[in-house]
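Chains A, B, C and D, in that order, give the protein sequences. Take 1 as the starting number for the first sequence in the working numbering and just add one per residue. Take 418 as the starting number for the second sequence in the working numbering and just add one per residue. Take 835 as the starting number for the third sequence in the working numbering and just add one per residue. Take 1252 as the starting number for the fourth sequence in the working numbering and just add one per residue.
Honestly, the hints are just simulated from the structure, not real lab data. Heads up, a few of these hints could be off.
[Claimed, not checked] DEER-style ranges, computed between Cβ atoms:
hint, chain 1, residue 1, chain 2, residue 2, range
1, A, His80, D, Thr1430, 21 to 29 Å
2, D, Gly1608, C, Asp863, 45 to 53 Å
3, A, Ile28, D, Glu1639, 58 to 66 Å
4, A, Pro104, D, Pro1401, 54 to 62 Å
5, A, His80, B, Thr673, 26 to 34 Å
[Said to hold, decoys possible] Take a look, some chain D residues computed to stay more than 10 Å from chain C by CB distance:
hint, residue
6, Ser1272
7, Glu1288
8, Thr1352
9, Gly1371
10, Arg1398
11, Asp1466
12, His1469
13, Gly1544
14, Thr1645
Glycine included, C-beta positions come from ideal geometry on N, C-alpha and C.
Number of protein chains: 4
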Amino acid sequence: MTEHAAAQKRSRGGPDLYGASTLRRHLIDAFRTVRNETERRAAPLSPEDQLIQSMPDASPAKWHRAHTTWFFEQFLLGPHCAGYTPFHPDYAFLFNSYYVTAGPRHTRAERGHITRPGTGEVTAYRRHVDAAMMAFLSDADESTLARLAPLMDVGLNHEQQHQELMLTDILHAFAQNPTCPAYDKTWTPPPPAVANGDGWVQLNEGIHNIGFGGDGFHFDNEKPVHRALVGPVGIARDLVTNRDWLAFIDDGGYRTATLWLMDGFARATGEGWEAPGHWRNRDGTWHIMTLGGLRPVDPDAPVSHVSYYEADAFARWAGKHLPTEMEWEVAARGGHLHDAFGIAWQWTRSAYAPYPGYRPVDGTLGEYNGKFMVNQYVLRGSSLATPEGHSRLTYRNFFYPHHRWQFSGLRLADYGD
Amino acid sequence: MTEHAAAQKRSRGGPDLYGASTLRRHLIDAFRTVRNETERRAAPLSPEDQLIQSMPDASPAKWHRAHTTWFFEQFLLGPHCAGYTPFHPDYAFLFNSYYVTAGPRHTRAERGHITRPGTGEVTAYRRHVDAAMMAFLSDADESTLARLAPLMDVGLNHEQQHQELMLTDILHAFAQNPTCPAYDKTWTPPPPAVANGDGWVQLNEGIHNIGFGGDGFHFDNEKPVHRALVGPVGIARDLVTNRDWLAFIDDGGYRTATLWLMDGFARATGEGWEAPGHWRNRDGTWHIMTLGGLRPVDPDAPVSHVSYYEADAFARWAGKHLPTEMEWEVAARGGHLHDAFGIAWQWTRSAYAPYPGYRPVDGTLGEYNGKFMVNQYVLRGSSLATPEGHSRLTYRNFFYPHHRWQFSGLRLADYGD
Amino acid sequence: MTEHAAAQKRSRGGPDLYGASTLRRHLIDAFRTVRNETERRAAPLSPEDQLIQSMPDASPAKWHRAHTTWFFEQFLLGPHCAGYTPFHPDYAFLFNSYYVTAGPRHTRAERGHITRPGTGEVTAYRRHVDAAMMAFLSDADESTLARLAPLMDVGLNHEQQHQELMLTDILHAFAQNPTCPAYDKTWTPPPPAVANGDGWVQLNEGIHNIGFGGDGFHFDNEKPVHRALVGPVGIARDLVTNRDWLAFIDDGGYRTATLWLMDGFARATGEGWEAPGHWRNRDGTWHIMTLGGLRPVDPDAPVSHVSYYEADAFARWAGKHLPTEMEWEVAARGGHLHDAFGIAWQWTRSAYAPYPGYRPVDGTLGEYNGKFMVNQYVLRGSSLATPEGHSRLTYRNFFYPHHRWQFSGLRLADYGD
Amino acid sequence: MTEHAAAQKRSRGGPDLYGASTLRRHLIDAFRTVRNETERRAAPLSPEDQLIQSMPDASPAKWHRAHTTWFFEQFLLGPHCAGYTPFHPDYAFLFNSYYVTAGPRHTRAERGHITRPGTGEVTAYRRHVDAAMMAFLSDADESTLARLAPLMDVGLNHEQQHQELMLTDILHAFAQNPTCPAYDKTWTPPPPAVANGDGWVQLNEGIHNIGFGGDGFHFDNEKPVHRALVGPVGIARDLVTNRDWLAFIDDGGYRTATLWLMDGFARATGEGWEAPGHWRNRDGTWHIMTLGGLRPVDPDAPVSHVSYYEADAFARWAGKHLPTEMEWEVAARGGHLHDAFGIAWQWTRSAYAPYPGYRPVDGTLGEYNGKFMVNQYVLRGSSLATPEGHSRLTYRNFFYPHHRWQFSGLRLADYGD
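In isolation and in its complexed conformation, chain A is listed as follows (with noise of 0.2 Å):
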């Protein structure tokens, strides 16, 4: 039984199911798997590849590591074991993130200008704070059990999304290298859905629920449940391929200002684009950078790395729109879709908003999704980088429309017009 599986078997069972030893056995065993994953995905990057921070909106694999590490000494064991003595005390300047409620912090983007403590010091942090964890984790009582699960979700899942971050950031810092190096040379890509030319799954008019209803572990930005009325509308089983993109870029596309958002092609222009992120022109062919180093770009393949922007400009070419949250859910909850989850998220135009009623929690995870929500876009599904266990229908990510590193694609919305 996988993470995922056994936090979705706790979230729907009641108090029995969380009887002493399974709940130990489960946080225990949920703890080391999330923790070996992070160290799993670092294991290919050398010292100085952990250091770079390639963009101001990337940050360093060994901050990732000491960041998510620093999450559970922040809010675990500081608060709630006594005895507790930090590692060092001046991690907790150089590793909080955005939490002004925790206190003062390092500047987000000098981020790779830490070289010490090095990566070897990050290392014996987590073991440091793994054997802290480990020890709490089997010797607190059942009850302080019971109500820290909740937080060591959080801290999973929060380290979960850092996870996705190392692959798309150092990606990001690899595709800046002329040599273009590989995060690994054997890695290939999911293979996407067989397109079966089922095309489009009509919804119609309907009031549905919108949002996280359970009792399992969610953010809060997907609460609460909430109805919303969604359609008339169609939406495509198919995520737009690598070979529909490159009929957009044949058509003058990145060149034709009428197709683009004002704000969209202003950036597409300042910034030269010309095709996907991390797209490289050899010799007349498409490449793209992967995580197996440069290759060919494959026309079956879905798109990736599209920007808001791009992905809008694409949709009015189309003579078709980008799909609302709200529609994909109910698309995604219906079972229409296709490679819904597991290659690239998938732009919607929706804004990045508080559902009606919104709160966020109380105290300094508060800050957590609630100060994000203006001048970002959603996606829904998720990516080849998301682990396992992390996805859910009503996940909401979100990313300013210009940003392009992450692996970003998208599915067409049809309104008729």
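Place chains B, C and D on chain A using the hints.
Okay, now just chains B, C and D, sitting in the frame of chain A:
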């Protein structure tokens, strides 16, 4: 009968109302009324005042006067008036705003650099086009008039939008001048509704038609009318006042990070915001730069010149929210709102986006609204600078969330959270 | 007798020449002559023309007119004319340029934002100060006049410097206008000396006195006269012409990195330089924006509007150098140079630095020159925009090496390498 | 006999000293000595430390190690060693610095983004080139050695320059780290000369030969030797100390605009300077970031990490000046100066410019010095980071006037004004 009432009547009327002499008379009257209003607003401005562009978001008054004139030359006289000769071959380049399909244009941020043609030449340009338009409207056959009436409506509404901007832009320019010049020393603000303690209007859940469903003039972004689920929600009948805002300031609102969206707080601290735009602290007392010059802040007046970021922070501080544009529209249509029009535009929490099934109009005017539908937020109502006859229940104004040189305020919403 | 000749005479004369009526008459004449010249230069400019500041390095004509007036108010009338009332309490703030010891001042880059006071008020300001000055000069006793004569000289020479800037600044502004307005359609350039093939003047090694050693007016940066070793060097008698420059362009001069200083090439490529400032290619023919409007480049005319970077690259391309300012001064004092004055300032390779033993004058006027002695290069001679009577063999003009909106050219030097 | 002494001897010697075995032995020894010193300096740095580029002016230690190696590959092995194969085809692109005639190169500001090749690969690169060089130096015939000896000198002196930069650059990087890491905790500063109150050396007016006139190694910018008039001037025998500087700080030196060049004050206020670079105020006591970590400022030590702007302001505050580079050279040649070498480079007031008759060397190495001769100021002497054997009386170092991450200090001059 005002121009607005006439337009409304026309929009509701059948073909019989469009009888030859009625339509012609209406068009001539409307044209003369709107064009005169522009000149009336420019009258207090010296040639220097008409040149200044105090920031890239603003435009010189002279440019507003010329650009609105170019609009008639470009879209009416050029294509539809045989034998019309443009006033000057350079003006299409100088006074096109953002219509890429209408040809190349002068850089927006450098509009304040065009000292020549001077104010006098722009006056001559206006007279030239006015005369040509009057001749055209007098001489065209009825079917031509009927066919072009919608385009006339766009041109006149377009000019009205620039009438409002002329005032907000010159107010911004004067506010940068350390001598605080007055546009009109005798200017007095419109009196707000008397707050009578009736507080909140409650909207129960219901499906409503949103958007413009009539026949009269409207912009394409108000269409198509579509069904939306609105409520339950409470909407404040009154606008937030300066008294409320002073309490927010006194409570440290501008310095409390947790009240703000992250992008908003970065902007507020980066630009040193301590109060709404155009406010100046003189010897411990807050003053505000108005069209009548610098005056003490009136606590009873609705707050104005606040950005979306500030409005959102204020709402959070008050334990409330901003309404969505749909909620605003439903409440306003029901006649429940005080000062919905005529004092300050009201920020909503709705990102500016196309309605489902939205289609820009064909041709160059398709650039009018659609390409701005990203990164901006919708404001509803109208302001003290909005020309008579230019407001509508379904009107969607939009600005970036950091903008605060408009007459922009807010009213609150309550979701019971 | 021109104002300059009078000043020279005065400077050479003994106390007897400063007899009451002579000095008084001279000061009144000089004041009237210089002040009138400013107004003569401003006369072709509309109020809008007088407002524009087309880049931070330039200033509006209206500002030049007011700032030179403020100078007399600040340094003459205020301290020395009992009972003088400043024209307006805000003007000291608005029209101080960079004298920190004279109090706070308006931001330089925003001078173009001051639409009010308008052109008419500045004219009234000039008249007010002129009248006060004339009364003061008429009524002051002789000893006061004798004591203040040097300060009068500074004020008048200061105004003459701004007379030159008024022309270079408005030319820059007009050059940004796509319609290429003319300051004066009848303007003709000064005729250059006939190049008669006498080529180079050779200066043997010798110790020379450099700097101003007489009694007349001079700026503090021309002092003290000091001994310098000059030569051996050859100095071109003629200025580099547009014909020479076209050969440089045709030879790829602007694209050949090895001809340039690194900072210069970065600037040239960053700003897309392909020819001197104000040159425009119209259908394959080089034109130049002049005070008379856009005209074809005259191959026989000396090149103008080149930066130090370009001048240096040209010299390297020609296998030559720029002279030092000492070499220029020695050659010019010997009368060997054609067009040393009156067409284009000539870049030297001397960084602008204090002469050994340099002391700024006491008080606020000590900021006049000294604080600019870094990062700039010296130009010698004068230009077609320099007012009559304002040139001197020892005059040191200075600009940053990327500046090219002045009438700036060059002559070559040859060290035999 | 040190490498430097050997080089000096060689430079003075006739052909008989260049006997086969002597020259060969010297070149091999010098090569080994210099190359080892680079590695000795890099030894305390972790792989992460070697990657960081903390500002565009600095470079990563790994890059310094690779670039100096590329120099031998590019200029020695490639053209002169038959059959030599470059270590890696990408390295010429990655590790060329600014030689445009040597081909395209990686963007300077992004040197810190090259995580791969890693530190280990750069070590392998160095070993590969070292082995090839040793074989080449052992096997080449004598005439080849004699012909290439000057080029060897350039390569070794070039590497020594980068040895100094490795220390200044990593010190800057560590100074950005809030944990203040030490390069070498046991590091101690060189002891300054004992100030013995002998004050000032007076130089009378005289003509002196300036520049390098011998036969040994020198850079092209030290040539040609030429005659210059120097004096009368007094030059301080001692460097300005931290005690002096603290008095300047305490007297409000950093806040007094009239002490500063205008560009300098703009920089100082824009960047918030309150003390020299790398100084940190901890609980009211000034500390300085050194190679040994953060330590209290020693009042007796010469001040370091000051920019030209600060040095100039200090001199004005002290009623003195900075000397010219010629004055420095004459005084130093006379043996009058304490601590001329080995503690801190000394700013002069000489803009970096070509000596009269200067010619860059032919070919790519002509880019070594000449193209930087604008906008920078000359420093003389050497610093505690300068490698043994790399200083000369005629050595001209140069940096921009705002630079202060070098070990840069000053001594004063007195012109009797």
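Now for the hints, and whether the structure bears them out:
1. A beta carbon spacing of about 27 Å between A/His80 and D/Thr1430 agrees with the range 21 to 29 Å that was offered as a hint.
2. A hinted range of 45 to 53 Å for the beta carbons of D/Gly1608 and C/Asp863 is consistent with their spacing of about 50 Å.
3. Against the hinted window of 58 to 66 Å, the Cβ-Cβ separation of A/Ile28 and D/Glu1639 comes to about 59 Å, which satisfies the hint.
4. Look at A/Pro104 against D/Pro1401: about 56 Å separates their beta carbons, and that is inside 54 to 62 Å.
5. A hinted range of 26 to 34 Å for the beta carbons of A/His80 and B/Thr673 is consistent with their spacing of about 28 Å.
6. Listed as outside the interface, D/Ser1272 is consistent with that label: its C-beta sits roughly 39 Å from the nearest C-beta of chain C, beyond the 10 Å cut-off.
7. Under the 10 Å C-beta cut-off, the non-interface status given to D/Glu1288 relative to chain C holds; the minimum distance is some 28 Å.
8. Distance check on D/Thr1352: its Cβ comes as close as 6 Å (rounded) to a Cβ of chain C, failing to clear the 10 Å threshold; non-interface status is violated.
9. Every CB of chain C lies more than 10 Å from the CB of D/Gly1371, the least distance being 33 Å, so the non-interface label holds.
10. Here D/Arg1398 stays apart from chain C, with its beta-carbon at least about 25 Å from theirs, past the 10 Å limit.
11. The non-interface label for D/Asp1466 is consistent with chain C: the shortest C-beta to C-beta separation is roughly 20 Å, beyond 10 Å.
12. Every C-beta of chain C lies more than 10 Å from that of D/His1469, the closest at about 17 Å, which supports listing it as non-interface.
13. For D/Gly1544, the requirement that its beta carbon stay farther than 10 Å from each beta carbon of chain C is met, with the minimum near 34 Å.
14. Even its closest Cβ contact with chain C, about 18 Å, leaves D/Thr1645 beyond 10 Å, as expected for a residue assigned away from the interface.
Figure legend: structure checked against the earlier numbered hints; the only hint not met is number 8.
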